[in-house]
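Same order as they appear, the protein sequences are chains A and B.
Counting with the working numbering, you get residues 1 to 468 for the letters of the first sequence.
Counting with the working numbering, you get residues 1 to 310 for the letters of the second sequence.
Just so you know, these hints were derived from the structure itself, not from any lab.
Glycine included, each C-beta is placed from N, C-alpha and C at the ideal position.
Honestly, I wouldn't trust all of these hints.
Okay, derived cross-link-like pairs now, PhoX-like style, lysine-lysine, Cα gap no bigger than 25 Å in a straight line [what the hints assert, rightly or not]:
id, chain 1, residue 1, chain 2, residue 2
1, A, K217, A, K91
2, A, K260, A, K204
3, A, K72, A, K91
4, A, K260, A, K135
5, A, K191, A, K260
6, A, K341, A, K204
7, B, K67, A, K135
8, B, K158, A, K304
9, A, K135, B, K72
Where chain B lies over chain A, by a calculated footprint (3+ residues, C-beta under 8 Å) [said to hold, decoys possible]:
id, region
10, 317 to 323
11, 440 to 446
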Amino acid sequence: MNKKSVLWSLVSLLVLTSLLLSACGGPATATAPSATEAPVVTEAPVSTEAPVAATEISAGMPTCGTDPVVLKATFETGFDLPFKLAEEFTKQYPNVTWDISQDQFANLITSTPLVLASDNAPDLLRLPTMVSFAKDGLLMDLDGYATAFGWNDWPVPQLNQNRIDADGVRGSGTLYAMGLNYSLTGVFYNKTLAAQIGMTEPPKTVAEFESLLAAAKTAGLQPIMMWGSAKSGMGLAFPLQQLMAAYGPVEPINDWIYGKAGATIDTPTNLIAAQHLEQWIKAGYFPSDINAIEYTDAAARFGKGEGVFTFNGDWQNAGYDAALPGNVGFFLMPPAEAGGKFAAMSAPLTFGIAAKAAHPDCAAFFLNWVATNDAARQIDVAVGGSNPGGPSDATMPTVASGSVTAETLAAGPVMGADGGAMDFIANATSSIFAQGWTPELQKMVGGQQDAAGLLKAVQAEYERELAQ
Amino acid sequence: MTVDNNHPAALSVSKRTPASNWVRRETFIGWLFVLPALLMYAGFVLVPFLLTIVYSFHRWNGVGPMKWVGLKNYITVFQVPDLLGTIFNAFWLVVWFSFIPVGLGLVVASVINRVATGRFGEVARTVLFLPQVIALVAAGIIWGWLFSLSGLINQLLKIIGLGSITRAWLGDFDWALSAVGIIGVWVLLGFCTVLLSTGISKVDPALYESARIDGSSWFTEFTAITVPLLRHEIGVCLTVTVIAALATFDIVYVATAGGPGNATSVPGLQIYILAFSQRNIGLASALAVMLMILVVLIILPIQRLNQEVK
Chain A
1 MNKKSVLWSL VSLLVLTSLL LSACGGPATA TAPSATEAPV VTEAPVSTEA PVAATEISAG
61 MPTCGTDPVV LKATFETGFD LPFKLAEEFT KQYPNVTWDI SQDQFANLIT STPLVLASDN
121 APDLLRLPTM VSFAKDGLLM DLDGYATAFG WNDWPVPQLN QNRIDADGVR GSGTLYAMGL
181 NYSLTGVFYN KTLAAQIGMT EPPKTVAEFE SLLAAAKTAG LQPIMMWGSA KSGMGLAFPL
241 QQLMAAYGPV EPINDWIYGK AGATIDTPTN LIAAQHLEQW IKAGYFPSDI NAIEYTDAAA
301 RFGKGEGVFT FNGDWQNAGY DAALPGNVGF FLMPPAEAGG KFAAMSAPLT FGIAAKAAHP
361 DCAAFFLNWV ATNDAARQID VAVGGSNPGG PSDATMPTVA SGSVTAETLA AGPVMGADGG
421 AMDFIANATS SIFAQGWTPE LQKMVGGQQD AAGLLKAVQA EYERELAQ
Chain B
1 MTVDNNHPAA LSVSKRTPAS NWVRRETFIG WLFVLPALLM YAGFVLVPFL LTIVYSFHRW
61 NGVGPMKWVG LKNYITVFQV PDLLGTIFNA FWLVVWFSFI PVGLGLVVAS VINRVATGRF
121 GEVARTVLFL PQVIALVAAG IIWGWLFSLS GLINQLLKII GLGSITRAWL GDFDWALSAV
181 GIIGVWVLLG FCTVLLSTGI SKVDPALYES ARIDGSSWFT EFTAITVPLL RHEIGVCLTV
241 TVIAALATFD IVYVATAGGP GNATSVPGLQ IYILAFSQRN IGLASALAVM LMILVVLIIL
301 PIQRLNQEVK
């Protein structure tokens with residue numbers, strides 16, 4: 001009886017195991033269809049030779065050809081621009097279709113190395129950071145394409161932000177990415193509330209700006225709306241970096257961001273900037289619950305009329321115009337002294353091509369198309385809110401006058417003429433934002449950190465990360 | 001079967017060969033049953049576990065070449081205050097995730113047992129258990145709203161005249177970790193209550209009846225019958241909740257991401273940041289191994305206590 005039941009159990013176990021194995025076989029057989037995507041795989045060897053082909057290509061431009069191409073792409077969730085551009089591209093080049101996956105920016109930071117290293121790497125991807133990927137050979141060298149398409153002649157200094165030299169320092173060297181557009185940051189203001197505190201024109205110096213902040217506080221208004229939750233990343237880095245640019249030259253800041261040897265953020269002028277920020281915090285210019293405010297909450301609260309000013313980038317233009325139509329203005333952060341230079345955080349919306357990409361030529365062609373095609377440039381401005389860059393003779397898309405987009409576009413050349421473009425201090429190393437700026441600025445809000453300590457702590461974290 | 005169980009020694013003496021054959025065969029068949037699960041366990045738990053230990057002695061960014069660094073990663077964990085601080089945060093969470101749910105669970109289970117044995121008791125148990133079936137990510141987001149400056153909790157405080165203490169709880173250095181702890185209480189109270197209720201239902205009702213005939217209060221019943229007879233269940237609750245506290249990740253990640261400052265950072269979150277954001281797999285692995293050792297060191301005495309009682 002016992003033996004019989006054991007036998008039965010054994011038989012059923014075998015059946016179960018075989019069922020399980022066949023179930024496990026599911027995914028295995030499911031990989032078979034990927035073999036049907038063999039055309040992609042068979043094209044891979046071509047792709048690995050692509051940079052070489054591109055450098056030799058001066059005779060003919062890389063294109064998407066006429067055969068059907070499926071471009072594999074990774075985009076950032078919540079930003080419509082690349083999706084709209086992809087749609088328009090397919091309209092113009094029907095042989096190109098898209099296989100797009102998307103993720104939050106914070107997740108892209110963590111997943112991108114594995115995605116790039118996989119055998120199924122995307123052709124085109126939004127890059128959260130670059131240096132370590134380039135060092136590991138995961139990103140395609142775009143110098144050949146730059147020569148072929150003439151990118152090097154474009155009057156866009158931001159192109160340099162995507163170059164990395166042999167020592168892993170950004171700012172010069174090999175081109176590893178392109179910007180879909182070039183964003184600009186500064187101060188947005190609620191026109192109605194600004195009128196209430198007697199602001200008739202944008203402030204010309206930091207002192208003028210600070211007197212407006214004080215007036216807003218006295219009037220019982222929220223002077224600045226800003227986010228500060230660790231989940232969104234520290235919004236206070238925006239006003240801090242603008243203050244740094246107001247009190248000191250931008251070059252040392254860029255050197256620090258690019259990882260130049262011996263660069264430090266702990267400089268006398270940066271200390272003055274950090275002290276001003278500390279005063280703003282103590283004066284109550286930021287919301288009392290700033291350490292719990294998410295990015296989207298801050299944008300929504302400003303849109304509802306809470307906050308006279310907010311520091312943000314032109315990617316938020318469409319959102320502000322929708323929430324407060326015709327009632328949002330923009331100005332560049334004023335310099336410390338009247339007549340001083342204007343500077344702003346201004347970074348490309350960086351997209352790269354994986355070293356293992358199956359269709360690098362087509363991906364590069366797309367990047368070139370984004371900057372040079374009129375329809376693409378129009379989408380760039382209307383949806384992305386930012387300057388599309390591109391060659392100097394490219395037509396500038398028209399925008400509705402009086403819109404905040406018109407104001408940010410007009411501010412771009414002003415900043416450019418002063419040579420004041422800075423990358424974001426958050427981009428210096430892959431986790432300086434999450435591990436350095438964010439916790440230390442939150443501590444400053446909580447009264448647990450002062451200006452000098454902030455810069456020292458961030459510099460220590462920076463050196464620790466670079467030493468890895 | 002009962003004969004086997006009651007007289008194994010006698011059997012092994014009188015019919016040594018056939019019985020040991022049979023035992024061997026039974027053992028073999030037993031292993032066959034376990035094999036599929038064992039393969040899965042080895043593939044998804046044991047191999048990654050061993051790899052983690054290997055990684056912890058290397059410097060590695062997850063893609064490039066690995067470099068042997070010996071114990072350097074372990075030393076770094078002790079040297080960097082932020083890393084060690086996460087372990088202290090985890091201990092404070094043990095109070096919230098473990099002691100409070102177990103203590104409160106005992107009280108709730110015993111109250112339900114005494115005053116609400118019928119449908120009401122079932123409803124109460126179900127409601128308390130609900131957090132177990134809600135995705136923690138969703139729960140974390142909702143608690144984020146509740147704890148916000150204009151959230152329900154602050155509104156309630158204002159209604160009862162405590163408007164002066166309102167704040168953005170998850171953004172406050174002094175309160176953020178305890179606020180995260182309260183989410184933990186909410187999540188784990190139901191689990192403890194249901195487990196302890198089941199334990200109480202196994203206690204001979206005659207014990208409670210005689211206690212009640214003797215006129216004992218709820219408190220006497222609780223201390224003299226419920227707690228002593230539920231030691232085994234309490235041990236299980238403590239084990240599960242202490243591990244939940246020390247290894248917590250999702251609640252903190254969704255509610256605060258470790259902020260403000262590093263006030264709510266816990267080892268689980270730090271391991272994630274080190275591995276995937278800083279791409280320092282070696283240091284992340286070292287912290288993970290240390291966390292595991294810590295969990296084992298704390299859980300083993302609880303388990304031993306539990307076994308002695310059994």
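Status of the hints after comparison with the structure:
Between A/K217 and A/K91 the alpha-carbon distance is near 52 Å, which puts this suggested pair outside the 25 Å criterion. With a C-alpha separation of about 32 Å, the suggested pairing of A/K260 with A/K204 is violated against the 25 Å cut-off. The hinted pair formed by A/K72 and A/K91 meets the criterion: a straight-line CA distance of about 17 Å does not exceed 25 Å. Restraint check for A/K260 and A/K135: the C-alpha separation of about 15 Å stays at or below 25 Å, so the hint holds.
About 41 Å separates the Cα atoms of A/K191 and A/K260, which puts this hinted pair outside 25 Å; it is violated. Taken as a hint, the A/K341 and A/K204 pair is honoured in the structure, with Cα atoms around 11 Å apart against an allowance of 25 Å. A distance of roughly 16 Å separates the Cα atoms of B/K67 and A/K135; the hinted pair therefore holds under the 25 Å criterion. A threshold of 25 Å between alpha carbons decides the hint, and for B/K158 with A/K304 the separation of about 24 Å falls inside it, so the pair holds.
Our distance criterion of 25 Å between C-alpha atoms is met by A/K135 and B/K72, whose separation comes to about 24 Å. Against chain B, the region 317 to 323 of chain A contributes 0 residues with a C-beta closer than 8 Å to a partner C-beta. That does not satisfy the three-residue criterion, and the hint is violated. Coverage of a stretch by a chain is defined here by at least three residues with a beta carbon nearer than 8 Å to that chain's beta carbons; for the region 440 to 446 of chain A and chain B the count is 5, and the condition holds.
Checked against the numbered hints given earlier, this structure breaks hints 1, 2, 5, 10; the rest are met.
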